[in-house]
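**Q** Residues per chain are reported as follows:
There are 2 protein chains.
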Amino acid sequence: MYDIIFLGGGPGGYEGALAAAKKGLKIAVVEADKLGGTCLQRGCIPTKALLHSVKLVKQIKAAAKSGIKVENFSVDAAAVKKQKERVVNKLTKGIELLFKQNNVDLIYGRGKITAADTVTVNEEREIKGKNIVIASGSKPAELPFLKVDGKYIINSDTALELEDIPESMLIIGAGAIGLEMGLIYNYLGCKVTVVEILPHILPGSDIELADMLEKELKKQKVKIFTAAKVSNPTINNEEGSISFDFQQGEKEWRESFSRTLLSVGRIPDSRGLFDESLPIETDKRGFVSVNANLQTGVPTIFACGDVVGPPLLAHKASHQAIAVVDFISAGKPVAHHPIPAAVFTFPEFASVGLTEEEAGAKGIAIKIGRFPYSAGSRSNAIDEKVGLVKIIADSENTLLGAHILGAEAGELLPLLSFAIARGMKAGEFKEVVMIHPTLSENIWEAVGEIGGFSIHI
Amino acid sequence: MYDIIFLGGGPGGYEGALAAAKKGLKIAVVEADKLGGTCLQRGCIPTKALLHSVKLVKQIKAAAKSGIKVENFSVDAAAVKKQKERVVNKLTKGIELLFKQNNVDLIYGRGKITAADTVTVNEEREIKGKNIVIASGSKPAELPFLKVDGKYIINSDTALELEDIPESMLIIGAGAIGLEMGLIYNYLGCKVTVVEILPHILPGSDIELADMLEKELKKQKVKIFTAAKVSNPTINNEEGSISFDFQQGEKEWRESFSRTLLSVGRIPDSRGLFDESLPIETDKRGFVSVNANLQTGVPTIFACGDVVGPPLLAHKASHQAIAVVDFISAGKPVAHHPIPAAVFTFPEFASVGLTEEEAGAKGIAIKIGRFPYSAGSRSNAIDEKVGLVKIIADSENTLLGAHILGAEAGELLPLLSFAIARGMKAGEFKEVVMIHPTLSENIWEAVGEIGGFSIHI
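In order, the protein sequence lines correspond to chains A and B.
Counting from 1, position 36 in the first sequence corresponds to residue 35 in numbering that gives the first Met the number 0; the numbering is continuous, with no gaps.
Counting from 1, position 185 in the second sequence corresponds to residue 184 in numbering that gives the first Met the number 0; the numbering is continuous, with no gaps.
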């Protein structure tokens with residue numbers, strides 16, 4: 000009898016398993032594919048490795064300005080792919096090793112919860128657990144009129160394989176995945192067009208920053224159409240292309256592409272995960288319903304990560320899984336902190352807490368502090384002048400949200416994330432000594448606009 | 000009558016001036032050279048611009064591994080210098096503009112305090128101030144047996160001009176300046192040797208990390224000799240070289256270099272700053288003595304920044320200057336926070352609070368949390384595997400020190416810096432949600448080694 004069985008070996012399942020095993024609990028992880036889940040195998044990590052490679056292309060193109068003259072360079076997509084695979088394989092092996100060191104039983108196969116304390120693997124082997132955690136993640140969504148065929152129409156899973164670099168690509172959906180993949184293919188030499196049905200890229204994000212990023216991506220030669228629709232896909236096998244009708248406002252046109260990448264969101268991977276006789280509920284989209292402590296209708300069966308709903312982020316999954324382990328092992332209620340997020344475009348976009356638009360919709364009176372990268376010492380020294388730190392506070396100066404477009408945005412966010420989770424006021428930031436010259440000073444100045452202590456603006 | 004006269008327009012003087020002017024005070028800054036001081040004109044900023052250029056060289060050399068093949072590239076030192084000057088000029092103009100917008104009077108000339116409320120500029124013009132702040136900074140130190148001649152023997156001021164790139168260079172002193180300049184010249188094509196009299200590079204820093212950095216710099220072809228002495232310099236005008244006797248342990252040898260860079264620390268720029276009849280004290284090295292509120296013997300005359308003693312860091316100067324303004328304008332006592340510091344080598348080295356060695360010397364029982372970059376997701380994805388996060392806590396898990404060697408170390412430090420200033424415990428970090436994949440996760444894991452919540456180690 001295991002103390003906990005995790006269904007899924009992604010960031011939720013494997014980190015939860017390690018956290019629990021380190022407490023001395025007897026743990027099994029049932030994984031149908033590879034350890035690390037979408038994040039490590041087909042998501043965060045391979046994209047970041049590819050983005051690292053193509054960022055070099057961007058830097059090489061701009062190097063002359065900094066005095067480095069590159070006469071000739073070429074991108075070897077096979078070598079780019081190989082480096083990505085090295086990274087993924089190394090980290091996958093790392094988790095396998097941690098499992099061994101911590102005595103986590105890794106069981107490969109498709110798991111299904113067949114009773115409150117039973118997981119049946121591949122319809123044959125039964126394992127028993129006092130607790131079960133569903134951490135089965137999500138998979139790419141499709142559009143009703145556009146099914147992935149792996150040739151003309153692909154999803155992010157296939158796109159990462161870089162089997163060949165098409166001449167042109169239409170990316171449907173300007174969310175994090177669409178934009179990151181767009182930049183990757185753009186710098187690998189593909190003509191990329193991104194179409195988004197909503198009025199701004201990165202829907203739900205701070206609009207001012209999203210619009211700045213859109214402008215910057217266009218400068219990098221990515222075509223972007225927002226508030227635009229595509230329809231009527233037609234495959235032309237002779238030309239090896241797929242064409243669409245485009246509509247943006249009054250404008251209508253038809254255009255062909257070598258390939259189309261669908262990045263229209265993700266759906267929970269919850270089908271067939273549990274016997275229908277069990278009192279576990281899912282909503283109409285398939286997300287598993289849980290209470291504040293992430294319990295399903297069966298109090299010893301939990302769910303966490305993508306499968307319980309947005310935000311669909313690896314670190315939310317692992318954070319929740321670790322919290323579930325603390326609840327199971329020590330009865331500690333699950334805390335719900337604001338979940339930061341980042342898009343690893345050039346430049347990066349990182350965000351936590353309330354946006355200006357959300358505050359408006361809720362009728363909250365806010366103060367906004369802004370500091371542009373163009374005014375920062377380090378941003379100038381490293382020639383990263385496109386960016387803006389935007390801080391949202393209430394009328395009492397309590398920090399509610401932080402949104403950063405700019406170099407290293409993802410690394411700059413933790414202090415703000417922490418401050419917001421703690422309900423800190425802008426004034427408390429004055430005493431934080433930032434190293435000069437760092438991008439972190441840009442944060443200090445933006446908070447200082449609210450707290451009345453900014454210097455460089 | 001000014002409310003405050005700042006002597007010196009470096010980070011202390013100019014930021015203090017802006018902070019005070021924004022409070023409506025009438026402010027003058029007396030500057031003998033250029034606004035921005037050493038930091039902007041001959042220090043932090045130009046080095047960071049140069050380091051940005053040469054980092055591209057490093058990245059280009061390593062690009063093949065990531066799939067980017069660069070066939071030919073060259074470094075144009077004149078263009079590198081031009082980019083550095085663009086950055087410095089833009090930021091200098093930025094401060095001038097801020098002065099105008101905030102009605103700070105900028106008076107060019109050499110200022111001397113001739114009475115408790117009087118500064119005489121260039122021995123002719125007298126200006127009056129209710130308060131005076133000495134923020135005159137520091138200048139490069141020399142060695143008794145080695146005087147800067149601008150040809151064979153230079154200091155960091157001259158080195159930044161990149162007048163020409165010598166074939167070989169000996170750098171005396173492996174502090175922050177010596178190592179940063181060493182990397183710059185190394186990647187500009189000069190054979191660089193660094194000699195340090197003390198047993199480790201970056202004396203005073205965490206030894207484990209300093210030794211790791213030394214190894215890494217050597218891999219980058221910088222020769223380094225620690226616990227080594229040089230003596231008996233001889234200039235050979237025909238060969239255009241300078242030679243030294245070296246001694247390291249039992250080993251002795253003689254070696255010639257095209258040039259020598261002296262980076263043996265900095266001394267306060269306090270001579271002739273005030274009339275000797277005033278009760279302002281300096282120590283034997285020339286540092287101005289101040290009390291906890293940074294007052295000199297004359298309570299309305301303050302001093303801050305490099306001129307009051309170590310650490311000689313721009314952000315310490317500005318932080319102190321802003322604190323002096325708060326003391327003058329609102330009577331708020333000056334708070335003394337741990338001052339973080341960074342060395343912008345490849346990789347960076349950033350540090351705040353107690354080191355393992357300092358704890359040992361003080362007899363404090365400590366716990367150490369470590370996390371290597373080689374185990375982090377992001378560090379692998381961006382191929383930045385050399386690095387270590389090292390956290391020092393007391394036996395109650397209160398955080399006392401943080402030391403990071405690795406990519407973006409300077410940007411990762413603020414959260415730790417804040418945590419240490421607040422006396423936070425390792426356990427409080429568990430709830431900080433880091434974005435995946437970021438280098439910030441490496442911090443979380445290292446603190447987790449102390450707090451008992453690490454996952455990936």
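Just to be clear, a hint being listed does not mean it is correct.
Since the list can't tell identical chains apart, any single copy or any two copies may satisfy a pair.
Said to hold, decoys possible - DSS-like cross-link-like pairs, simulated, lysine-lysine; straight-line CA separation at most 27 Å: (1) Lys220 x Lys127; (2) Lys60 x Lys99; (3) Lys60 x Lys22; (4) Lys361 x Lys22; (5) Lys64 x Lys54; (6) Lys228 x Lys366; (7) Lys129 x Lys429; (8) Lys146 x Lys384; (9) Lys25 x Lys384; (10) Lys21 x Lys424; (11) Lys81 x Lys33; (12) Lys64 x Lys283; (13) Lys150 x Lys366; (14) Lys384 x Lys89; (15) Lys68 x Lys424; (16) Lys424 x Lys190; (17) Lys33 x Lys21; (18) Lys99 x Lys64; (19) Lys25 x Lys129; (20) Lys33 x Lys222; (21) Lys80 x Lys228; (22) Lys424 x Lys54; (23) Lys217 x Lys250; (24) Lys57 x Lys80; (25) Lys220 x Lys54; (26) Lys22 x Lys429.
Calculated directly from the structure, the hints in this document are not laboratory data.
**Q** Run every hint past the structure and note whether it holds.
**A** A quick look at each hint next to the structure:
1. Lys220 x Lys127: For Lys220 and Lys127, neither the intra-copy (55 Å) nor the inter-copy (58 Å) Cα distance is at most 27 Å.
2. Lys60 x Lys99: neither (45 Å within a copy, 37 Å between copies)
3. Lys60 x Lys22: neither (50 Å within a copy, 45 Å between copies)
4. Lys361 x Lys22: neither (42 Å within a copy, 34 Å between copies)
5. Lys64 x Lys54: both (16 Å within a copy, 14 Å between copies)
6. Lys228 x Lys366: neither (35 Å within a copy, 58 Å between copies)
7. Lys129 x Lys429: Between. Shortest inter-copy distance 26 Å satisfies the 27 Å Cα cut-off; intra-copy 49 Å does not.
8. Lys146 x Lys384: neither (41 Å within a copy, 40 Å between copies)
9. Lys25 x Lys384: neither (51 Å within a copy, 32 Å between copies)
10. Lys21 x Lys424: between (36 Å within a copy, 20 Å between copies)
11. Lys81 x Lys33: within (18 Å within a copy, 51 Å between copies)
12. Lys64 x Lys283: Close neither inside one copy (54 Å) nor across copies (46 Å); limit 27 Å.
13. Lys150 x Lys366: Neither, since 49 Å and 56 Å both go past 27 Å.
14. Lys384 x Lys89: Close across copies (12 Å), not inside one copy (35 Å); limit 27 Å.
15. Lys68 x Lys424: neither (47 Å within a copy, 49 Å between copies)
16. Lys424 x Lys190: neither (46 Å within a copy, 51 Å between copies)
17. Lys33 x Lys21: within (22 Å within a copy, 58 Å between copies)
18. Lys99 x Lys64: Neither, since 50 Å and 31 Å both go past 27 Å.
19. Lys25 x Lys129: within (10 Å within a copy, 72 Å between copies)
20. Lys33 x Lys222: This pair counts as neither: shortest intra-copy Cα distance 35 Å, inter-copy 45 Å.
21. Lys80 x Lys228: neither (32 Å within a copy, 49 Å between copies)
22. Lys424 x Lys54: neither (36 Å within a copy, 38 Å between copies)
23. Lys217 x Lys250: Close inside one copy (19 Å), not across copies (60 Å); limit 27 Å.
24. Lys57 x Lys80: both (18 Å within a copy, 22 Å between copies)
25. Lys220 x Lys54: This pair counts as both: shortest intra-copy Cα distance 14 Å, inter-copy 25 Å.
26. Lys22 x Lys429: between (39 Å within a copy, 15 Å between copies)
In summary, the structure is inconsistent with hints 1, 2, 3, 4, 6, 8, 9, 12, 13, 15, 16, 18, 20, 21, 22 from the numbered list given earlier, while agreeing with the others.
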